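J.: Top line first, the protein sequences correspond to chains A and B. For what it's worth, this note's numbering labels the leading residue of the first sequence as 299, then goes sequentially. For what it's worth, this note's numbering labels the leading residue of the second sequence as 32, then goes sequentially.
No wet-lab data here; the hints were simulated from the structure. Fair warning: there could be bad hints in the mix.
[As the list claims (entries may be wrong)] Computed far set for chain A versus chain B, every beta-carbon distance over 10 angstroms:
| no. | residue |
| --- | --- |
| 1 | Gly353 |
| 2 | Thr383 |
| 3 | Ala403 |
| 4 | Arg476 |
| 5 | Ala480 |
| 6 | Leu520 |
| 7 | Ala545 |
| 8 | Glu549 |
| 9 | Glu567 |
| 10 | Arg573 |
| 11 | Gly600 |
| 12 | Thr646 |
[As the list claims (entries may be wrong)] Derived contacts from chain B toward chain A, CB cut-off under 10 angstroms, selection only:
| no. | residue |
| --- | --- |
| 13 | Thr177 |
| 14 | Ser180 |
| 15 | Glu188 |
| 16 | Val285 |
Just so you know, these numbers come straight off a predicted model, no measurement behind them. Where a beta carbon is used, it is the ideal one built from N, C-alpha and C, also for glycine.
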Amino acid sequence: MAARGRGALARWAAVGLLVAALVALPSVVAALPADDVDVPAAELRAAVLASAGVGFSGYAVSAGGLALPVSERLTDVADLFSDRTLVRVWWRGPEDHRVDVVTAAGETGVHRDPGGTWTWDFEAGTATRGAPASLALPTPPDLLPAALGRRLLSEATDDELSRIGARRVAGRDAVGLRLVPAEPAASVGRVDVWVDPASGLPLQVQVFAEGADLAALDTRFLDLDLAVPPADVVAFTPPPEATLLTAPDTEGLIAQAEERAPDVRLPGELAGLPRRTSAGVPDAVGVYGRGVTLLAAAPVPGRLAGGLREALTASPDAVTDALGTRVAAGPLGLMLVTPPDGPAYVLTGTVTLDALADAARRLPGAAS
Amino acid sequence: MIGVELRKLFRRPRTWVTIAVLNALPVLVAVLVQLTDLAPRPGEGPPFLSAVLTNGALFPLAALAIVLPLFLPIAVAVVAGDAVAGEAQAGTLRYLLVRPAGRTRLLVAKLVAVIAFVLVTVLVVAGVGYVVGTTLFDAQPVGGGTSVSGTSLSQQELAGRSLMAIGYVTVSMLGVAAFGLFFSTLTDSPLAAALGALAVLVTSSLLFTLDAASPIAPYLPTRYWLAFVDLFRDPILWRDVVRGLALQGVYVGVLLAAAWANFTTKDVTS
Numbered sequence: 299m300a301a302r303g304r305g306a307l308a309r310w311a312a313v314g315l316l317v318a319a320l321v322a323l324p325s326v327v328a329a330l331p332a333d334d335v336d337v338p339a340a341e342l343r344a345a346v347l348a349s350a351g352v353g354f355s356g357y358a359v360s361a362g363g364l365a366l367p368v369s370e371r372l373t374d375v376a377d378l379f380s381d382r383t384l385v386r387v388w389w390r391g392p393e394d395h396r397v398d399v400v401t402a403a404g405e406t407g408v409h410r411d412p413g414g415t416w417t418w419d420f421e422a423g424t425a426t427r428g429a430p431a432s433l434a435l436p437t438p439p440d441l442l443p444a445a446l447g448r449r450l451l452s453e454a455t456d457d458e459l460s461r462i463g464a465r466r467v468a469g470r471d472a473v474g475l476r477l478v479p480a481e482p483a484a485s486v487g488r489v490d491v492w493v494d495p496a497s498g499l500p501l502q503v504q505v506f507a508e509g510a511d512l513a514a515l516d517t518r519f520l521d522l523d524l525a526v527p528p529a530d531v532v533a534f535t536p537p538p539e540a541t542l543l544t545a546p547d548t549e550g551l552i553a554q555a556e557e558r559a560p561d562v563r564l565p566g567e568l569a570g571l572p573r574r575t576s577a578g579v580p581d582a583v584g585v586y587g588r589g590v591t592l593l594a595a596a597p598v599p600g601r602l603a604g605g606l607r608e609a610l611t612a613s614p615d616a617v618t619d620a621l622g623t624r625v626a627a628g629p630l631g632l633m634l635v636t637p638p639d640g641p642a643y644v645l646t647g648t649v650t651l652d653a654l655a656d657a658a659r660r661l662p663g664a665a666s
Numbered sequence: 032m033i034g035v036e037l038r039k040l041f042r043r044p045r046t047w048v049t050i051a052v053l054n055a056l057p058v059l060v061a062v063l064v065q066l067t068d069l070a071p072r073p074g075e076g077p078p079f080l081s082a083v084l085t086n087g088a089l090f091p092l093a094a095l096a097i098v099l100p101l102f103l104p105i106a107v108a109v110v111a112g113d114a115v116a117g118e119a120q121a122g123t124l125r126y127l128l129v130r131p132a133g134r135t136r137l138l139v140a141k142l143v144a145v146i147a148f149v150l151v152t153v154l155v156v157a158g159v160g161y162v163v164g165t166t167l168f169d170a171q172p173v174g175g176g177t178s179v180s181g182t183s184l185s186q187q188e189l190a191g192r193s194l195m196a197i198g199y200v201t202v203s204m205l206g207v208a209a210f211g212l213f214f215s216t217l218t219d220s221p222l223a224a225a226l227g228a229l230a231v232l233v234t235s236s237l238l239f240t241l242d243a244a245s246p247i248a249p250y251l252p253t254r255y256w257l258a259f260v261d262l263f264r265d266p267i268l269w270r271d272v273v274r275g276l277a278l279q280g281v282y283v284g285v286l287l288a289a290a291w292a293n294f295t296t297k298d299v300t301s
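Starting from the given sequences, assemble the full structure and let the hints guide the process.
T.: Here is the structure:
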């Protein structure tokens, strides 16, 4: 009997050891130290900006914690910033790539070629051809770590940048670059970009709101292969049974909106941020700021303003006063300014709520 | 001993009744979809079901996706839970163990029988799905089909990938089978063993939907079940498929070891 008890003990000990080893394995792998490379922040930024032509393929995940107060018509954009999006990418260049958003039961693939994009939606069975536009709503390709990292670092100055060690991303050593915006109006506390030092490709991008410990947006590669993918994987021919559609003409819509927009002269500076010119932005829309601190101001027709006010006031965090209604979703601020006389305005951007209020006071016709 | 177990399993009428019941749901879904012409809207319903209206040859996959989340694991849990506890309850376990083959071999034979049951069940569901799909819906002619990524697949590619999916779904059920078998060595009641395995399953499915449980999500037994859809992307997305296979392997290994540690030293009185 005693011998049998010892036998059982030995057997259970062996099983226990096996379980312990298996449970510990992921933490051991995760704790493997990453090699840091001694490269100055400015040089690392230059390498990132030069990486648009680096070919790669991979699998990335972006997780957003931003509950955007937008209407049902923009649910795709809202989901992009509030959900976990899994993306496969094959990148041959800025005008030759394929980005598939992978879901449990289907996928939506965007195939970019020099003439425009094909968007394939498996579950709807549609293939949509779109023309390249200089101004468009955010799409999954914009949230790829590589694309987002380049965009966020593009206007950073050297004194905003610092180095922050190294970590492992997608099985590679990635060196850290931190951007802390200098503008007092900034609502983004910091942006951490983790870069593959050899190729300059950003492997992970984390955007933190001022004073937040959790990233408002975190996008990173899970797998990455630094080889130029074959052209036939990127190319797209609509399957015979697909319904062919044409994407709405963004430039035309913007031109139409501009015609209908109330005629106002926007100030040259708002919330301490100078006005800038951006390609594709109509004159009725003022864009202010630089880098990751941007503010857009636009007059809106009355009908649109009513719907927007409803959407904004539905948010429990909305602040309403004489100036209008404002709400923040992570680092993103959104405000509907309703002056006593003159048209309503919408203000949005990565600035603090105080900066939004300050900007609202300076708009033509606003209450002060 | 494996042959004996297999014969025993497949001679039982209830094995075939279980398989028949499993096929009833996808057939009912197919008939309803055909009669109403209402496939689920994109993003809703089981994978591939919305594509079935244009290509009936995809119905085996839709049928697997329909039974995968609940029906198939219940059947597997019942059969696996019955493996050892059923013998104990019937009072035949001690006679089985009188044979010189040993308890470890009996466990392995029981596991192989459960795996065979899973494989036969999945093949029958896919086969019935194919017959139902191609009879009720338009099957695409010679061209094969369209992958989830919108590229065309030849008939051979589609068949090859369907076979891989059948294999993957079979392996996905091994974790449930191993839980059932382990619980079956703990108790003399087959019902308790099957319910134990189902409890694990329900817990895993529930935790998978919970954001707060995301750190442990990669280790949940049901985490990669639907990854068979990835076999129909072009190029195939292997990441989750490989992880799913490895995870099931780990569960089978650990639970079989635990079942062995328990069973080989257990006092068998019935």
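J.: Take the shortest C-beta to C-beta distance between B:Ser180 and chain A; is it under 10 angstroms?
T.: With a closest approach of 6 angstroms, the B:Ser180 hint holds.
J.: Taking the closest Cβ pair, is B:Val285 under 10 angstroms from chain A?
T.: holds, 6 angstroms
J.: At 10 angstroms, judged by beta carbons, does A:Ala480 keep clear of chain B as stated?
T.: Non-interface label on A:Ala480 holds, nearest chain B Cβ at 35 angstroms vs cutoff 10 angstroms.
J.: Verify that the Cβ of A:Leu520 lies farther than 10 angstroms from every Cβ atom of chain B, and report whether the claim holds or is violated.
T.: Contrary to the label, A:Leu520 does not stay out of reach of chain B, its closest Cβ about 7 angstroms off (not over 10 angstroms).
J.: Does the no-contact call for A:Arg476 survive, Cβ to all of chain B over 10 angstroms?
T.: holds, 25 angstroms
J.: Let's test the interface hint: is any C-beta of chain A closer than 10 angstroms to that of B:Glu188?
T.: For B:Glu188, the interface hint is violated, since the closest Cβ of chain A sits about 14 angstroms away, which is over 10 angstroms.
J.: Against chain B, does A:Glu567 keep a CB gap of more than 10 angstroms to every residue?
T.: With a cut-off of 10 angstroms, A:Glu567 remains clear of chain B, as the shortest Cβ separation is near 42 angstroms.
J.: Over 10 angstroms from every CB of chain B: does A:Thr383 meet that, or does the non-interface label fail?
T.: Answer for A:Thr383: holds, closest chain B Cβ roughly 14 angstroms.
J.: Decide, holds or violated, for the assertion that all CB atoms of chain B are farther than 10 angstroms from the CB of A:Gly600.
T.: Holds, since 35 angstroms exceeds 10 angstroms.
J.: Verify the interface restraint on B:Thr177: the C-beta must sit less than 10 angstroms from at least one C-beta of chain A.
T.: Cβ of B:Thr177 sits 4 angstroms from chain A, so the hint holds.
J.: Taking the closest pair, is the beta carbon of A:Arg573 still more than 10 angstroms from chain B?
T.: Nearest chain B Cβ is 41 angstroms from A:Arg573, so the label holds.
J.: Does A:Thr646 clear chain B by more than 10 angstroms, comparing its Cβ with all Cβ atoms of that chain?
T.: holds, 27 angstroms
Violated hints, listed in ascending order, are 3, 6, 15; each of the other numbered hints is respected by the structure.
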